[in-house]
Structures are given as C-alpha cells and as structure tokens.
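Be aware that the sequence shown starts at 1, since it is given in the numbering used here, and climbs by one per residue.
A portion of the hints provided could be inaccurate.
Derived lysine to any residue pairs resembling SDA-like cross-links, with alpha carbons at most 25 Å apart [claimed, not checked]:
| hint | residue 1 | residue 2 |
| --- | --- | --- |
| 1 | K52 | H83 |
| 2 | K115 | K160 |
| 3 | K167 | Y135 |
| 4 | K160 | I66 |
| 5 | K115 | D86 |
| 6 | K166 | I108 |
| 7 | K52 | E124 |
| 8 | K115 | L44 |
| 9 | K156 | Y114 |
| 10 | K95 | Y144 |
| 11 | K166 | G105 |
| 12 | K115 | T140 |
| 13 | K115 | I53 |
| 14 | K160 | K95 |
| 15 | K160 | E146 |
| 16 | K166 | R150 |
| 17 | K166 | E134 |
| 18 | K52 | L122 |
| 19 | K95 | G79 |
| 20 | K95 | I36 |
| 21 | K171 | T153 |
| 22 | K127 | Y144 |
| 23 | K41 | E146 |
| 24 | K52 | E38 |
| 25 | K75 | N48 |
Computed Cβ-Cβ distance ranges for the label pairs, DEER-style [what the hints assert, rightly or not]:
| hint | residue 1 | residue 2 | range |
| --- | --- | --- | --- |
| 26 | A120 | G62 | 18 to 26 Å |
| 27 | G79 | L170 | 39 to 47 Å |
| 28 | Q111 | D68 | 22 to 30 Å |
| 29 | D68 | E186 | 31 to 39 Å |
| 30 | E50 | E134 | 24 to 32 Å |
It is worth saying that the hints were derived from the structure and are not from the lab.
Source: prediction; values computed, not measured.
From the three backbone atoms N, C-alpha and C, an ideal C-beta is built for every residue, glycine too.
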Amino acid sequence: PEEHKPEFHPLQKKLFADGRAWVFAKNLEIIIPSSIEETIKRKLTFLNPEMKIFLEMIAVFGQEIIVDIIAMASKRNVGETLHAFDELRRLGFIKERTGENYFFGEDIVRQVVYKNIPRADLIEYHKSVGETIEYFYRSTMANYYEQLARHFTIAKDEQKALFYSKKAALKAHNNYAHNLAIDFYENA
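Please construct the entire structure, taking both the sequences and the accompanying hints into account.
In structure tokens form, the structure reads like this:
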C-alpha cells in the first residue's frame, strides 16, 4: 500500500519526517478553520499569485470552464493555461470533464474564491470574460445575452450592460419568463 504523506508547505517547516514518522515542529500553533469557507480561504493562501489569478478568472467565468476562453480572457497562451489548470486540478480546486473542459468539483469553492476577489480585479475579470464570450460565441450570441448582461453590469460597462440587458429582457419576454424579463428591464 502507498504511504500516506500529509500535505504541508515546505517553507513553513511545520511538518517533517524524522526518519521513522511525520512529526510536527515544536512550539507549533495549529489553527483549525472554523468553517468550510475558512478552510477554502486557508487553502488559497498556498497558491502562488499566478495560479490565484487563474482561479479567480475561472470563478468569474462560472461553474463550467473552457480552456481557450480562460486563455483569451486572462491574456495567456493555451499552454500556460493548461499548465495552470493541471496544477489547480492537482490541488483539488477544479476537475477535468474532457481535455478542454473543466468544472469546479464543489460550487462552494467557486463561491468562496469569487467572494474574495478584490473589487478592482472583479471588475476587470468580468469585462475580460464578457469580451471573450462576445468573441467566442459571436455566431450564437443570443444564447449568452443573460451572461453578457451580468458580466458587463459588474464590469461597469454601462453601454454594453444596457445593450445586453435589453436583449436578455426581450428574449425572456418572448419565452414567457416575465419575471426574468422584468429583472433585465430593471437592470437596463
């Protein structure tokens, strides 16, 4: 059987092997998170800044993630993006559905990541994701009016938020989703 090795951050010198067993460093204060959110936030502290940017961008995009879209939205090449996705998958933040499609295994992780994105970055990410969706799905844009309205509203792009909110409202109205239509008209 494979030996279980606890996870630890090598620079913190909190856990080490003494030749026979894994041992905690002396005078170590162990902090036990009080909630799932705190546990996730603690795990985020171990990410390097570049990985954290990818994870935040993914959280803005949503539950289902496509490599090419995140590469374009983050202004990175596909190779860098795949490397980041492999690392985030290895760390348990995301899971692979197919070679190019990923998803958050637990939506609570996406929610905690999203909730902790600094406001200026959140605005930038939503603008970038919105523009990328416009580009990638230009031939089927009507399927994305609701997402685009939301992204550009949060990005504070008033012109595009108004445009897509009106389109989403009309689409909802035509599909007899009147309450949703009202929400988009109010956003417009």
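These are the hints, each one checked on the structure:
1. About 13 Å separates the Cα atoms of K52 and H83, which keeps this hinted pair within 25 Å; it holds.
2. Restraint check: the Cα-Cα separation between K115 and K160 comes to about 24 Å, which is no more than 25 Å; the hinted pair holds.
3. With a CA separation close to 17 Å, the supplied pair K167 and Y135 stays within the 25 Å bound.
4. This hinted pair checks out: K160 and I66 have alpha carbons roughly 23 Å apart, not beyond 25 Å.
5. Only pairs whose Cα atoms come within 25 Å are accepted, and K115 paired with D86 is accepted, the gap being roughly 23 Å.
6. Among the hinted pairs, K166 with I108 is inconsistent with the structure: their alpha-carbon atoms are about 31 Å apart, more than 25 Å.
7. Restraint check for K52 and E124: satisfied, since their Cα atoms lie roughly 15 Å apart, inside the 25 Å limit.
8. This hinted pair checks out: K115 and L44 have alpha carbons roughly 12 Å apart, not beyond 25 Å.
9. Simply put, K156 and Y114 have alpha-carbon atoms about 17 Å apart, close enough for the 25 Å limit, and the pair holds.
10. Pair hint K95 plus Y144 holds up; C-alpha atoms about 24 Å apart against a cutoff of 25 Å.
11. Distance check on the hinted pair: K166 and G105 sit about 33 Å apart at the alpha-carbon level, beyond 25 Å; violated.
12. Note on K115 and T140: the hinted pairing is violated, with a Cα-Cα distance of about 30 Å set against a maximum of 25 Å.
13. A distance of roughly 14 Å separates the Cα atoms of K115 and I53; the hinted pair therefore holds under the 25 Å criterion.
14. Between K160 and K95 the alpha-carbon distance is near 32 Å, which puts this suggested pair outside the 25 Å criterion.
15. Restraint check: the Cα-Cα separation between K160 and E146 comes to about 12 Å, which is no more than 25 Å; the hinted pair holds.
16. Note on K166 and R150: the hinted pairing holds, with a Cα-Cα distance of about 12 Å set against a maximum of 25 Å.
17. Restraint check for K166 and E134: the C-alpha separation of about 16 Å stays at or below 25 Å, so the hint holds.
18. Of the supplied pair hints, the one linking K52 and L122 holds, its CA atoms being roughly 13 Å apart against a limit of 25 Å.
19. For the hint linking K95 to G79, the alpha-carbon distance of about 18 Å falls within 25 Å, and the restraint holds.
20. A distance of roughly 19 Å separates the Cα atoms of K95 and I36; the hinted pair therefore holds under the 25 Å criterion.
21. Of the pairs offered as hints, the one joining K171 and T153 holds, with about 18 Å between alpha carbons and a cut-off of 25 Å not exceeded.
22. With a C-alpha separation of about 14 Å, the suggested pairing of K127 with Y144 holds against the 25 Å cut-off.
23. Of the supplied pair hints, the one linking K41 and E146 is violated, its CA atoms being roughly 29 Å apart against a limit of 25 Å.
24. Annotation: proposed proximity of K52 to E38 holds, straight-line Cα distance about 16 Å (limit 25 Å).
25. Between the alpha carbons of K75 and N48 the distance comes to roughly 18 Å, so the proposed pair stays at or under 25 Å and holds.
26. In this structure, A120 and G62 meet the distance hint of 18 to 26 Å, their C-beta atoms being roughly 21 Å apart.
27. A C-beta distance of roughly 41 Å is found between G79 and L170, which places it inside the suggested range of 39 to 47 Å.
28. The beta-carbon spacing between Q111 and D68, approximately 24 Å, falls within the hinted interval of 22 to 30 Å.
29. At roughly 34 Å, the beta-carbon separation of D68 and E186 lies within the given 31 to 39 Å, and the hint holds.
30. Checked against the hint of 24 to 32 Å, the pair E50 and E134 passes, with Cβ atoms roughly 26 Å apart.
Hint violations for this structure: numbers 6, 11, 12, 14, 23, all remaining hints satisfied.
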